[in-house]
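Following the hints, complete the assembly by docking chains B and C onto the known chain A.
This is what each chain is made of:
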Amino acid sequence: MDTELIAMQLFSGVALGAILVMVALGLSIIFGMLGVVNFAHGALFMVGAYAGLWIASLTGSFWWGLLLAPLLVGAFGMLIERVLIRPLYKRSIDDPLLLTFGLAYVLVEAVRILFGNEGMPFPTPPELSGVADLGIGYFPIYRLFVVGVVAVVLVLLWLGLEKTRFGLIVRAGARDPQIMRVLGVDVAKVWLLVFGLGVGLTALGGVLAAPMRSVDPEMGALVLAEAFVVTVIGGMGSLVGAVVAGLLIGIAISMTALFAPEMATIVMFALMALVLLVRPQGLFGKPGRA
Amino acid sequence: MTASVHSVAQVMAGPTGHRGWRARLTAWRVPLSILVLCLLPWVLPSQALAVNVLIYGLLAVGYNLLFGYTGLLSFGHAAFFGAGAYAAGIGISRFGLPWFAAIPFGMLVGGALAFAVGLLSIRTRGIYFSMVTLALAQLVYYAALQSSSITGGENGLRGFTVSRIELFGWSVDFLDPIKKYYVLMVFAAAALWLVSRVLASPFGAVIEAIRENETRARACGYDVERTKVMAFTLSGLVCALAGTLFALHLAIVPLDTLGIQTSGMIVMMTLLGGAGSFFGPFVGALAFLLMEDVVALWTPHWQIVVGTVFILFVLFLPKGIWGTLLAWRVGR
Amino acid sequence: MTKGLPTLPITRRHALAGFAAGTATLAMPGLLRAQSETIRIGFPTPLTGPYAAEAKDQVRSAELAVKLANDKGGIGGRKVELLVRDDKMNAGEAATRTLELIEKEKVHAVVGSLSSAVQLAINEVTRARGVIFVSISQSDTINEVKDFSRFTFHEALNPHMTTAAVAKHTFKPGMKIAYLVADYAFGHEILRGFKRAQAAIGATSVGEILHPIGAPDYSTFMPRLRAMKPDILCICNFGRDQANSIKQAVDFGLNKQARIVVPVLLYTQRLGIGAEAFEGVIGGANYYWRLQDTLPSAKAFNDAYRAAYNGAYPTDYGAYGYTGVSSLLLAMAKAGGTDTDKVVAALEELKYDVAKGPQHYRKCDHQSVQSVLVLEAKAKADTPEEADPFRILAVEPASEDILRSCAELGFPS
Numbered sequence: 214m215d216t217e218l219i220a221m222q223l224f225s226g227v228a229l230g231a232i233l234v235m236v237a238l239g240l241s242i243i244f245g246m247l248g249v250v251n252f253a254h255g256a257l258f259m260v261g262a263y264a265g266l267w268i269a270s271l272t273g274s275f276w277w278g279l280l281l282a283p284l285l286v287g288a289f290g291m292l293i294e295r296v297l298i299r300p301l302y303k304r305s306i307d308d309p310l311l312l313t314f315g316l317a318y319v320l321v322e323a324v325r326i327l328f329g330n331e332g333m334p335f336p337t338p339p340e341l342s343g344v345a346d347l348g349i350g351y352f353p354i355y356r357l358f359v360v361g362v363v364a365v366v367l368v369l370l371w372l373g374l375e376k377t378r379f380g381l382i383v384r385a386g387a388r389d390p391q392i393m394r395v396l397g398v399d400v401a402k403v404w405l406l407v408f409g410l411g412v413g414l415t416a417l418g419g420v421l422a423a424p425m426r427s428v429d430p431e432m433g434a435l436v437l438a439e440a441f442v443v444t445v446i447g448g449m450g451s452l453v454g455a456v457v458a459g460l461l462i463g464i465a466i467s468m469t470a471l472f473a474p475e476m477a478t479i480v481m482f483a484l485m486a487l488v489l490l491v492r493p494q495g496l497f498g499k500p501g502r503a
Numbered sequence: 004m005t006a007s008v009h010s011v012a013q014v015m016a017g018p019t020g021h022r023g024w025r026a027r028l029t030a031w032r033v034p035l036s037i038l039v040l041c042l043l044p045w046v047l048p049s050q051a052l053a054v055n056v057l058i059y060g061l062l063a064v065g066y067n068l069l070f071g072y073t074g075l076l077s078f079g080h081a082a083f084f085g086a087g088a089y090a091a092g093i094g095i096s097r098f099g100l101p102w103f104a105a106i107p108f109g110m111l112v113g114g115a116l117a118f119a120v121g122l123l124s125i126r127t128r129g130i131y132f133s134m135v136t137l138a139l140a141q142l143v144y145y146a147a148l149q150s151s152s153i154t155g156g157e158n159g160l161r162g163f164t165v166s167r168i169e170l171f172g173w174s175v176d177f178l179d180p181i182k183k184y185y186v187l188m189v190f191a192a193a194a195l196w197l198v199s200r201v202l203a204s205p206f207g208a209v210i211e212a213i214r215e216n217e218t219r220a221r222a223c224g225y226d227v228e229r230t231k232v233m234a235f236t237l238s239g240l241v242c243a244l245a246g247t248l249f250a251l252h253l254a255i256v257p258l259d260t261l262g263i264q265t266s267g268m269i270v271m272m273t274l275l276g277g278a279g280s281f282f283g284p285f286v287g288a289l290a291f292l293l294m295e296d297v298v299a300l301w302t303p304h305w306q307i308v309v310g311t312v313f314i315l316f317v318l319f320l321p322k323g324i325w326g327t328l329l330a331w332r333v334g335r
Numbered sequence: 019m020t021k022g023l024p025t026l027p028i029t030r031r032h033a034l035a036g037f038a039a040g041t042a043t044l045a046m047p048g049l050l051r052a053q054s055e056t057i058r059i060g061f062p063t064p065l066t067g068p069y070a071a072e073a074k075d076q077v078r079s080a081e082l083a084v085k086l087a088n089d090k091g092g093i094g095g096r097k098v099e100l101l102v103r104d105d106k107m108n109a110g111e112a113a114t115r116t117l118e119l120i121e122k123e124k125v126h127a128v129v130g131s132l133s134s135a136v137q138l139a140i141n142e143v144t145r146a147r148g149v150i151f152v153s154i155s156q157s158d159t160i161n162e163v164k165d166f167s168r169f170t171f172h173e174a175l176n177p178h179m180t181t182a183a184v185a186k187h188t189f190k191p192g193m194k195i196a197y198l199v200a201d202y203a204f205g206h207e208i209l210r211g212f213k214r215a216q217a218a219i220g221a222t223s224v225g226e227i228l229h230p231i232g233a234p235d236y237s238t239f240m241p242r243l244r245a246m247k248p249d250i251l252c253i254c255n256f257g258r259d260q261a262n263s264i265k266q267a268v269d270f271g272l273n274k275q276a277r278i279v280v281p282v283l284l285y286t287q288r289l290g291i292g293a294e295a296f297e298g299v300i301g302g303a304n305y306y307w308r309l310q311d312t313l314p315s316a317k318a319f320n321d322a323y324r325a326a327y328n329g330a331y332p333t334d335y336g337a338y339g340y341t342g343v344s345s346l347l348l349a350m351a352k353a354g355g356t357d358t359d360k361v362v363a364a365l366e367e368l369k370y371d372v373a374k375g376p377q378h379y380r381k382c383d384h385q386s387v388q389s390v391l392v393l394e395a396k397a398k399a400d401t402p403e404e405a406d407p408f409r410i411l412a413v414e415p416a417s418e419d420i421l422r423s424c425a426e427l428g429f430p431s
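Chains as they are written, first to last, in the numbering used here: chain A, 214 to 503; chain B, 4 to 335; chain C, 19 to 431.
What the hints contain is simulated information worked out from the structure, not anything from laboratory work. Just so it is clear, the structure is predicted and the values come from calculations on it, not from any experiment. Wrong hints could be hidden among the right ones.
[As the list claims (entries may be wrong)] Simulated restraints, written as ranges between beta carbons of each label pair: (1) C/Glu-55 <-> B/Phe-171: 33 to 41 Å; (2) C/Arg-214 <-> B/Leu-42: 53 to 61 Å; (3) C/Val-163 <-> B/Leu-328: 51 to 59 Å; (4) B/Arg-27 <-> C/Asp-357: 54 to 62 Å; (5) C/Glu-404 <-> A/Gly-348: 40 to 48 Å; (6) A/Leu-372 <-> B/Asn-216: 41 to 49 Å; (7) B/Thr-218 <-> A/Leu-496: 26 to 34 Å; (8) B/Phe-319 <-> C/Glu-123: 32 to 40 Å.
Glycine included, each C-beta is placed from N, C-alpha and C at the ideal position.
Pulled out of the complex, with its shape left as it was, chain A reads as follows (with noise of 0.2 Å):
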């Protein structure tokens, strides 16, 4: 096996990689602060991809897509948090979870009543097409530019957590929920916007994939499993955890498609099943939490 075929193998590894960090940041974010599972993940990751599409085909413009969708269906996600999952935090930590699993049917059905069960193309942006010469290889210069996105996402996020109030109050909260309360912050809005935000993130990696392959109703139910490996692996509510097992996983995959490629999926479970029994909490998770 050359070297260069394992350069260009861990490279794709990182571009698939890089979607699956937005879905599990989302899904981090939400369960560090909310304490919510959210097993809606998967299909919010799906609506993203419908909305990128539906408002592209509006505007004739992908790049309308890619800055709107999140917005939209980030804003959706408020909506669900106030009206769904809001009743529900006096309760069980199960009950969320059994509300979003429901919320996922019903998405998915909605979706389908909406745009058809067939799936839908989403054809790569005319300036993003073709493939681009790495001296290693070739590579297609969306999956560049995706992972590009990606890393712009990640320095404003980190940005906006270290530098602004409302990161303050987000690591705060991540920390001990209960001091918030005491200090006068008004919780329920943070959580209300941490939903928005972790919903978004999630939508904006269904608009980033869906040039990658066509878009489908059923195309979160492997994203959400995915994303719940990468975050159980990377610690539930580990900001960091998310990306760096996020791109662990993308470069696992990658790298049993290489050696033994009908085993990639069965990798990525036998690994989370292993970091769950030897160190519950995930490689940058807090014992305790849960």
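Okay, now just chains B and C, sitting in the frame of chain A:
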């Protein structure tokens, strides 16, 4: 969904007032269930639906032992249902087991798997418990998909149709839906009796104590870990029995029986009917399957209805249909 | 009507005259009185799920076949009724629905199924109960003696036939072939078929990569496939996996390097994923409406379909619904009713041409021997009419030569 439907205190409160009514219901719960099960094929739109209610109801009863009574939310119970089904099918087609031996064989395999998964997963708590059961069940699913020479892979397991069975000198046509139903029902009834006995035993009180307050149960000197593993295994055993009945009934085992959709469906049925109550799971399976059957008649988009109903239950009726009925009756 | 169903040319009127003739032989007073009961045909198909579009076309086409028969006075004076059930693309659900159809609705036969797992499940149920099943989904497994049912007939192409036809018109001696294969029975059956053809033609394999079924991302396989430098890239999977893997192969520029060949080109998939990704892809099909240019039976089918459904064209999977139900009804007409043994015998003897040229069921495994189309997806610029995305490269005529032999399938000779 740890809201208690009848807590230890309530059960122990003894037969006074409406509690007396509750105690009578508890005492007669097994004969009552069997009576309802006997009637099912005659009142439901089709016998195929009745068998499904029987099998999925039993599956939910098994799941309820863990989720409703012990308070552990597993997202991987399809693994034990599927393991029971596959083992029964393989037992008949490969090892030439007679049908009545395939049932304990399936339970043995499913129970052993549940024991192993339970042992591993109870080391984690809360959300992580749900995740680890999900991950281990997915491993079982992919293992079955990969070992297609044994399981039939994507195409599912076939080739073990039982068309005629010998019962104490009688030869019963197992393709006749009614006869088949009642034969399978005998096993379900036996399992119900067993579950009822377990719940009424000290062990039943301990698992409910763990659900209500794990720390206190531990302080009272109960071995929480050991109890959880036992509850998990017992729950897996009942689910595996449901799996073996499923295999005998359909004469195929689809790969989907091991899938995450099956695990999700078990959770939905249990919750819909009422977790932590004896009749709840059967009511839930009946409601779920009827809803699917009826709604599918007028729209292919039945999932949106089922999903919405489920959301409404989580929001407004977390005790499920049966639990709410009970609470309403008790509240009067 | 018996041996005389003239092969080519046949018009719709001829075909219907066939029905009428069958009816006439039945119009003997005694028979008619005894069998005035409606003929019920169960039709399980995945109305929900990823292949709902194909399923809908199957239902429309099957209903058309029933309607045409009823318009001509039914089969031996008996009305025909189609009972459609949603199998949700789930083998357990399909088996349950089939049980309900047999036990409660007392159907005389079952036609349908769209996936190999569902097909095998229905086969298991109907085999045990002696009910006729005309299967319309693709699989090699069901042809083998292990799953054989005297009551089951395979109207659909199987992977072996499709790959033989496609390879014959794409592989050349000395070519280098790379395979991307879905890791389940269907994928392996396709691979086996292509490789057998490859050996016969004298091409060489430069590598096989297995991918998990239902994978959304194929990017990790692409660098390796590129490094193999194939002349032909055979993508051995189905439906959405096919759409996603083709799209990503094109993203990685593999279509510039190699010709992409697939076992089955789906009409609805092509419309779903768009012309760009599919441009130049070659694959097999059981039916394409353009057959009407050369085949009167196809023209008759298209015309009837278009008249019934607002000018829409029938699709490949839709055609299965039509040919499957039609062959069954023709056999019932010939058998003079629904007596299972007589209908099975009639199906075994039947020669029919209802949409795609002459067909008959091979005696040993009940596989329908039929023509296989080899299609090429056209570039967007060459597709002025959206309903016409393919070009027919070749029509491989019906012949047992492209089937596995009865002995190979395990049937005693």
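### Hint check, failures only
Violated: none.
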